[in-house]
Amino acid sequence: MTILDANTTPGLAGQPSSHGPRRDAAPLLPEREPVRVLGTEAAGTVDPDLLRDLHRRLVLGRRFNQQATTLARQGSLAVYPSSTGQEACQIAAAMVLRETDWLFPTYRDTLAVMARGVAPMDVLALMRGHTHCGYDPRRYRTAPLSTPLATQACHAVGLAHAARLRAAGDPGGGHDVVALALIGDGGTSEGDFHEALTFAGVLNAPVVFLVQNNGYAISVPLTRQSAAPTLAHKAVGYGITGRLVDGNDAPAVHAVLGAAVEHARSGRGPVLVEAITYRLDAHTSADDATRYRTSEEVEAWRARDPLTLLERHLRGAGLLDDAGLAAVTAAAEELAASMRAAVARADTPDPRSLFSHVYAEPTSQLREQAAALAARLADEASTPATPATPAEAQA
Amino acid sequence: MTILDANTTPGLAGQPSSHGPRRDAAPLLPEREPVRVLGTEAAGTVDPDLLRDLHRRLVLGRRFNQQATTLARQGSLAVYPSSTGQEACQIAAAMVLRETDWLFPTYRDTLAVMARGVAPMDVLALMRGHTHCGYDPRRYRTAPLSTPLATQACHAVGLAHAARLRAAGDPGGGHDVVALALIGDGGTSEGDFHEALTFAGVLNAPVVFLVQNNGYAISVPLTRQSAAPTLAHKAVGYGITGRLVDGNDAPAVHAVLGAAVEHARSGRGPVLVEAITYRLDAHTSADDATRYRTSEEVEAWRARDPLTLLERHLRGAGLLDDAGLAAVTAAAEELAASMRAAVARADTPDPRSLFSHVYAEPTSQLREQAAALAARLADEASTPATPATPAEAQA
Amino acid sequence: MSGAAGTTMVQALNTALRDALREDPDVHLLGEDIGALGGVFRVTDGLAAEFGTQRCLDTPLAEAGILGTAVGMAMYGLRPVVEMQFDAFAYPAFEQLASHVAKMRNRTAGRLPLPVTIRIPYGGGIGGVEHHSDSSEAYYAHTPGLHVVTPATVADGYGLLRAAIASDNPVVFLEPKRLYWSSERFPPTAVAPIGQAVVRRPGTDATLLTYGPSLPVCLRAAEAASAEGLELAVVDLRSLVPFDDETVCAAVRATGRAVVVHESAGFAGMGAEIAARVTERCFHHLAAPVLRVTGLDIPYPPPLLEHHYLPGVDRILDAVARLQWEQ
Amino acid sequence: MSGAAGTTMVQALNTALRDALREDPDVHLLGEDIGALGGVFRVTDGLAAEFGTQRCLDTPLAEAGILGTAVGMAMYGLRPVVEMQFDAFAYPAFEQLASHVAKMRNRTAGRLPLPVTIRIPYGGGIGGVEHHSDSSEAYYAHTPGLHVVTPATVADGYGLLRAAIASDNPVVFLEPKRLYWSSERFPPTAVAPIGQAVVRRPGTDATLLTYGPSLPVCLRAAEAASAEGLELAVVDLRSLVPFDDETVCAAVRATGRAVVVHESAGFAGMGAEIAARVTERCFHHLAAPVLRVTGLDIPYPPPLLEHHYLPGVDRILDAVARLQWEQ
Ligand SMILES: Cc1ncc(C[n+]2csc(CCOP(=O)(O)OP(=O)(O)O)c2C)c(N)n1
Ligand SMILES: Cc1ncc(C[n+]2csc(CCOP(=O)(O)OP(=O)(O)O)c2C)c(N)n1
Ligand SMILES: [Mg+2]
Ligand SMILES: [Mg+2]
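Protein chains in written order, with the working numbering: chain A, 1 to 395; chain B, 1001 to 1395; chain C, 2001 to 2327; chain D, 3001 to 3327.
These are calculated hints, taken from the structure and not from any lab test.
It is possible that part of the hints are untrue.
Here are some chain A residues pointing at chain C (derived, C-beta under 8 Å) [stated by the list, open to error]: (1) A43; (2) T45; (3) V46; (4) M127; (5) H132; (6) G187; (7) I218; (8) V220; (9) T223; (10) Q225; (11) S226; (12) P349; (13) Q369.
This one's a predicted model, so the numbers in the text were calculated from it and none came from an experiment.
Using N, Cα and C, we set each Cβ at its ideal position, and we do this for glycine too.
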């Protein structure tokens, strides 16, 4: 069996072999209703420590989103795309991964990236306008926050495939890596999403796609984005497993994603998980969500806030008391304070860095341009600043 | 009801409305085995005239493929991608359309284009190297043969959507148009295929996608192209109906495609039909198919040649005798002879045409370039031809 | 549409779309978030309300699909106007643009013209994060079969967009993001012809050749030079394809010196074409080589560094100074 | 690999890939039909047999997916070599190329270099039907972060491809289809440095600047000119990015006259950059403007007309004649 092999059934009856063998569709189709844990009997069987850990991370994540949104309003960040309401997905995505696994986030997945160990201000470097990616992707095994939608899904497949290739040559070398690609409901319409799933299926790559279906792509509702029964129904078209989970139910997301990651790791193929969730904030700090959705709708979802759902369960099960909550809240405030302090300390990037990493070695053209810039900067430094309008300063 | 409405079921239980309503998946899934007519009881119920018509067109189509391949070998065509073995799909695709419907063919779908009424040499103009498209797409409601794979699927959706928009404003205006997009199994991997299906589903456009799954994309077998149970299983991921048919069974393709076109026309939504077939010839006249497939495989499929299958049925049912066959064969020979004659007559295109249709009005830049070319041509005409090596003549 | 403070570029574009939708039932808009939201820059604000969600269609999030759908709509006789959300997010549609939009008329010997307008907000200077500030005009200008225009004034925003929509050619309509909120006093109403450059400022000593977001910068540079006694002419190309050789060459010949200014990366950029063709046509009138002041040959920088990337007044004046006045 | 008739370009490229696969286990090939078929031009012939279908991987038919997968592979430390089947079929991958391949090193401050080689057969002259003859080098050359090279000789086919694969930069490697079957006597074995142009023929009267498929045409033109007493130097750029200003400017200064020759459409093409930068740097050495002989500004024509489109010896000599010898 090569690493490309997958579970297959015999080909279509009566057709010569060039068209087959083909898979059985039934096991690939998602469940009819999203998987839920909270409010079901299963909730009682989840490890209390896991539940408390999830809760703590949700609280911290929520505070991170709030603080970053405030910083954006104050102009310290160019923009911030909050994941308030989607924290369960964010947190679970990072928690189910091993250190050697790779995460492929979008611009909205700042909490998942932070949960990989990246310092808050480094997560936000992109939005601060300081640098395109504030952390070392290799060190944290976390790709840069991807803005061009769905493109990162292809990268996840390639990386997962490469790891399998390495594992084949070096079984004990720590290459049993899973790649987890995050994507939004809107992103699933892009051609790159389709091509990534096609490659994943054919290569049987150890990759998991988590679609955070928050109901909107900026202003466009899911009903105008896709006519599919569920987005998880797309999986069968690639011969991969589709799963559907309540994205606001933290232990449910954790369980389904965890199973998906182990499915992929064990060579049983890629998994597409659709998590049904909602962003309670606007698309970004620059967006006006009242233009495209009603406050009734937002309130209906606020009642299903992942934090509320989990807190209610923890309280009911006697796993969280006021003291516990106070401790978590204090930690969250500390995080927020550290973010404010870091922003206050923030330095301006060095213009010489503009040329440092375009190529392995600068071309003669870039050396000339760097020298010209250096000369201009030296000039500016030596001449007294002339009053400039903001527009002129920019130009 | 707007033209964008589609049949839907209520949303996912327990989710507020922004994520739904969503469709029921079951009716969208394809049949487990390809639809067949020949060799089943249904064969007896098909109109004998239709069967004879199908047969006649298959014979003519086969001869067209053979003659065009020969012309390519002789250098009269730059290249020819034969559809030998796929004639049932080609013929049925054209037959199920009304004159007002539109066809969106690929390079391989020459027979379908001819069946729309285009003269053989005009179909082949692209391969002759004479012009990019030898016919008037508006007159024949047939898009140019598309070489960039899957791109035409988007055009089909846009055209179908536009026709519905016009129909809404002018119900009696003959705008109840269906667009039929042809595509290969390989083409389904392209992002444009995905985006076309996404748009078709959301717009509920009257479009039918016929995937001629001939088992190969040039040399790449289906098993390396997609891990899907069948390509028809992709449909559910877009909320559109998937159908599976034996592409070598002419009355079966005719029936399934005909039903699909009427499904689309009646506003019930797009349909994706996968027809399982095989190209008996190489990818094109320039391809060496022995590099990637065995003669055993080819022979196994030759036994399922659509022409053989239909002829066997017609003979068995007493619908075709030797005289009937001779008449059809004679018509095919006449077609072949007319193709040879047309090639012999073939003119060289006028170089001034290079500039005629780049823009609605030539730019001053193009006027300059056209004048320069005219001057060169005048020069050449007035100076005695100097002996040039072929390479120099080209350069 | 215009208040006391004047009409903004966004408003002018909005009015152009509204007028086109009113006058021609075949005009249809499609793109991401152009309906209820009115587009991320609000250029389509209110149009879905007035013309319905069919004629101002929120599409799925797939740029090749958007442009490919527009191609099919145009094949049926409609006149689609596509909005790409940002410059870099038009790249997924590059194949549809290069292989179909640009070629359909030609490959069908004129039988299938595609009157599609593709609106693309482009350029930087607005503090956008990566992939939100590309200047992609050279890609389009190099693709035969496309017209490529870009307004630098509010009046041209209206006039060129009307002309683009009315054109039977596919037109890439590049909207300088930096100028979206610039405003002019008089509401624009006239169609501006495609293919004609315009002299925005007369001058005798050297000629600045520019377009789109760099026009205001050039005008400021000319102002500054004038204060030092140098009169710089400023030409706004408006249309990159077709190119107005006549106006440009006349302006350059009159001064014998020229600097091309644009904000995209310089290497193999539009400025190279301008410099090359001006030199071919005006060589013996030139006292100095045509110089270029452009964006750097690096990926567009993060917001806090973008001012180093963008051509500014100083760099333009430096280039003018290098035009060898001693001769 | 080389018979009595010499080594062909296809064979040289094949050998380069084989040698790279042998020497470095991290090198992986991926593309459409590169396995059993050996590629439609047979450049990967025999490599799947020798190195297995994993290292010479037949992919699904999806160019963005191919390049995006290669990006991911490179992120894990592999050295992917992608084959695009034809020039125009690389367009679907344009977003991955422009927004990721070109930018990844820069946006990660050097932490995620992408040593990806993207082989693209390009150009016309082989009787290909539409979409099979595009010259797309200007799109890539205008995109900062990419290296762009193109061999014009069999030896460079080997040498530049080895250098491209060994490079830690992403390299767009453009293979002139017209030269695939040209052959040279000695089997190539040496790596050719990226970024260095080479003078293929010395000359004193004017300099032809060219690359890829147009080199042989320029050499024939120089031959013909020589017969009439004019000695034309011919420079083969080999590397469009980085650009070898030194070699090019020296060659132009030596003759004072230059013509750029390439086969892609002229408008905003690579020739514009060459003409503009040579003029900027050598203005006072020039007796005449740098002229361009290029493909026409039209979509690539059908095979029976392509000879009118391609720069030929006559057009080159015409341009040389227009270099104002009376001065
Ligand atoms: C290729 C591309 N096209 C367009 C955009 C602009 N854009 C940024 S976010 C967004 C909506 C994305 O929606 P979704 O995928 O559902 O993710 P969400 O924002 O809801 O997390 C759009 C259209 C982009 N970033 N990339
Ligand atoms: C976008 C694009 N990529 C690559 C090609 C080159 N190409 C031409 S035909 C072909 C195989 C197509 O296979 P399939 O879709 O199954 O159709 P078939 O040839 O079997 O009819 C390829 C790869 C192309 N024409 N367009
Ligand atoms: Mg969303
Ligand atoms: Mg096929």
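*Looking at the structure, which of the earlier hints fail to hold?*
Hint check: 1, 2, 3 and 9 fail, others pass.
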